[in-house]
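Protein chains in written order, with numbering that gives the first Met the number 0: chain C, 0 to 338; chain Y, 0 to 338.
No wet-lab data here; the hints were simulated from the structure. On a predicted model such as this, the values are computed, not experimentally measured, just so you know. Incorrect hints may have been included.
Note that identical chains are pooled: a pair holds if it fits in a single copy or bridges any two copies.
To be verified - Below 30 Å or equal to it, Euclidean Cα-Cα: the simulated DSSO-like pairs (lysine-lysine) are:
1) Lys300 x Lys238
2) Lys292 x Lys146
3) Lys106 x Lys185
4) Lys300 x Lys226
5) Lys300 x Lys29
6) Lys23 x Lys320
7) Lys196 x Lys226
8) Lys320 x Lys146
9) Lys237 x Lys218
10) Lys135 x Lys32
11) Lys257 x Lys146
12) Lys23 x Lys252
2 protein chains.
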Amino acid sequence: MKKLLLTLVAACPLTVMAMQALPKSAEIPKDNKQTIEKINLGKSLYFDPRMSINGTISCNSCHNLMLGGEDQRSVSVGVNGQKGGRSAPTVWNSAFHTVQFWDGRAKSLEDQAVGPIGNPIEMGMPHFEMVIGRLKQIPGYVEMFEKAFGKDSISKDNIGKAIASFERTLIAGNSPFDKYMHGNKKAMTVQAQRGMKLVQEVGCVVCHAGANFNGENLKMGEGNFQKFPVFTDNDFVKKYNFMADTGRFDFTKNENDKHMWRVPTWRNIALTAPYFHNGSVRTLDEAVTVMAKVQLNLDLKDNQVSDIVAFLESLTGIFPKIDMPRLPPTPKTTLYDLN
Amino acid sequence: MKKLLLTLVAACPLTVMAMQALPKSAEIPKDNKQTIEKINLGKSLYFDPRMSINGTISCNSCHNLMLGGEDQRSVSVGVNGQKGGRSAPTVWNSAFHTVQFWDGRAKSLEDQAVGPIGNPIEMGMPHFEMVIGRLKQIPGYVEMFEKAFGKDSISKDNIGKAIASFERTLIAGNSPFDKYMHGNKKAMTVQAQRGMKLVQEVGCVVCHAGANFNGENLKMGEGNFQKFPVFTDNDFVKKYNFMADTGRFDFTKNENDKHMWRVPTWRNIALTAPYFHNGSVRTLDEAVTVMAKVQLNLDLKDNQVSDIVAFLESLTGIFPKIDMPRLPPTPKTTLYDLN
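Extracted from the complex, chain C is given alone in its bound form:
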């Protein structure tokens, strides 16, 4: 495998081209055009804990926009203190992912957005009829759905469309790397530039390519899945329990998908510790060391790790300002079952 990767790199003198600045906007699907009404509705739904069974969890609980778009926990915590099986991926720039979730089981943001609401260990709503019934009890939402989608339009599909529309506005680019790619060669430190060369030389960018560092020339709905870990005969695989989760196989039940994972983004990675699908690695330095060993069978030197980390830090973007939404009130009553 190491040979294969090195061959691939050697065969591609233009791998530097595999890295791209982040576009200013993401692809908008034909059947879900962006409108300000949809975006505003999606934003309210995104922050609304009433979308969970006991009013505890909103999308933002685990994908916190005020932080790096996730929760800095190894795995997320859903309703009633239940722990999830995987670490929450960042929602920032998720519009540039062509498939969603660690195992890529959702082919669009629309599909992804409605998943956690009905997941018993995440937001815990037993069925979408209950979600819709609740929203219908909130006059402000009835009005917002009407403005966004027309009369009597509260539905699972439209909830997904609204949240996805909001998420497509969550773009954090304009990082030092992006400025560098746009011609400002001083935007990145010399160390970060060394790191940028190194990730090309050792082969990281074979998978972490493109503007979002998750694969090149991918169409929406088409995933870049890779095996992880590739090299299992090392201490890290055991220490961090990487084999416990079979990845995409869990969803497809196809033997070929065992330990296959969607390639995650590198953008804003300095803000999204801990790392890997199970959030088992606490620091970025260790994550780089581990990744080189288990994917490329390389033992990086400390200075190489530092250089790569400096490069990854240069991928921290500028986050747009967000007004806090006033969530439409539930007048004079509560929607939850009392404890």
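Chain C is fixed; fit chain Y onto it per the hints.
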């Protein structure tokens, strides 16, 4: 007791004066002057889940500014899914409360703000040294504390001062009632005006007086404590389990404080269901019915309940716009113990 209350009301022909419009600003303590640096720091701390042991809970989790300043749950849920014993009071206009918590055990917002951080079933930090240690690991906070309080100033006291400074900006007045009190007699509906008279006639305002409807002419640190329930020989007391919690006695261990409670505000009450210290009553109509019975031994008629509810709805204020803070990042690492 009923007689006493009615006598009190009868003796006060000017009880209408007991109601006041909300001032535009709250009293600022001499030892914690408001500065923009403190307010900004307090705002970040308020929204920061890294203030809890496992990154799950921020002040805003239970006192949600996007809703009515609380969480619409009967009791709040802290770290590891642990349930609290009492319903979260609203943070909106809390600066007009002279004591804090349901039992008034904190004499200032500064004291209150640091309480939940160390509470094992709320934010669960085992001691403040850990809180301070974490904040010191976040370069952005080191800088913010320095700007707000000077060099090396991260301390429990200053955390409380910063959060309190932010909370003093959380004023939601300018309700229909406030407009009415300022001379716009059309700001309240006729029904709400009937309700306003009724709460004076039946005696509610003996306790729910003043601009915040929690007592009149109170000094900061001086509470308005009342017994609840007063009349225990009715179905409500049992149904809603009102005797289980001994209130202020729990804190003082003084027999006279058994079932004594701080008088809660009426402001924005239409947004803060469910009701009472244990969040046992789901709707405002029922809360009014129950309150009349257990405090005044009155059986209100349905139309009286509706009128009072219409009045209480007229106390819903205008909420200021709030920019979402960008929380200072934890670069390349996580602060939490991994699960």
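- Item | Intra- versus inter-copy proximity for Lys185 and Lys106 (alpha-carbon distance at most 30 Å) | neither (38 Å within a copy, 54 Å between copies)
- Item | Alpha-carbon proximity between Lys300 and Lys226, which holds within one copy, between copies, both or neither at 30 Å | within (24 Å within a copy, 70 Å between copies)
- Query: Using 30 Å as the alpha-carbon threshold, which applies to Lys23 and Lys320: within, between, both, or neither?
  - Reply: Both ways: Lys23 and Lys320 sit 15 Å apart in one copy and 27 Å across, limit 30 Å.
- Task: Please work out whether the CA atoms of Lys292 and Lys146 approach to 30 Å or closer within one copy, between two copies, in both situations, or in neither?
- Result: neither (53 Å within a copy, 43 Å between copies)
- Task: Please work out whether the CA atoms of Lys300 and Lys238 approach to 30 Å or closer within one copy, between two copies, in both situations, or in neither?
- Result: within (20 Å within a copy, 68 Å between copies)
- Query: Is it within, between, both or neither when you check Lys23 against Lys252 at 30 Å Cα-Cα?
  - Reply: For Lys23 and Lys252, the Cα distance exceeds 30 Å both inside one copy (37 Å) and across copies (62 Å).
- Up to 30 Å CA-CA - Lys29 versus Lys300, copy category: neither (48 Å within a copy, 56 Å between copies)
- Between Lys237 and Lys218, at a C-alpha cutoff of 30 Å, which is it: within one copy, between copies, both, or neither? Answer is neither: 35 Å inside a copy and 62 Å across each miss the 30 Å cutoff.
- Query: Checking Lys135 and Lys32: alpha-carbon separation at most 30 Å within a copy, between copies, both or neither?
  - Reply: Within one copy, since 24 Å is at most 30 Å while 45 Å is not.
- Query: For Lys196 vs Lys226, is the C-alpha pair at or below 30 Å within one copy, between two copies, both, or neither?
  - Reply: within (24 Å within a copy, 72 Å between copies)
- Message: I want to check one pair: Lys320 and Lys146. Are their C-alpha atoms no more than 30 Å apart within a copy, between two copies, both, or neither?
- Response: Both ways: Lys320 and Lys146 sit 24 Å apart in one copy and 22 Å across, limit 30 Å.
- Message: If the cut is 30 Å between Cα atoms, do Lys257 and Lys146 qualify within a copy, between copies, both or neither?
- Response: Cα proximity of Lys257 and Lys146: none, with 45 Å in one copy and 52 Å across.
Violated hints for the displayed structure, listed by number in ascending order: 2, 3, 5, 9, 11 and 12.
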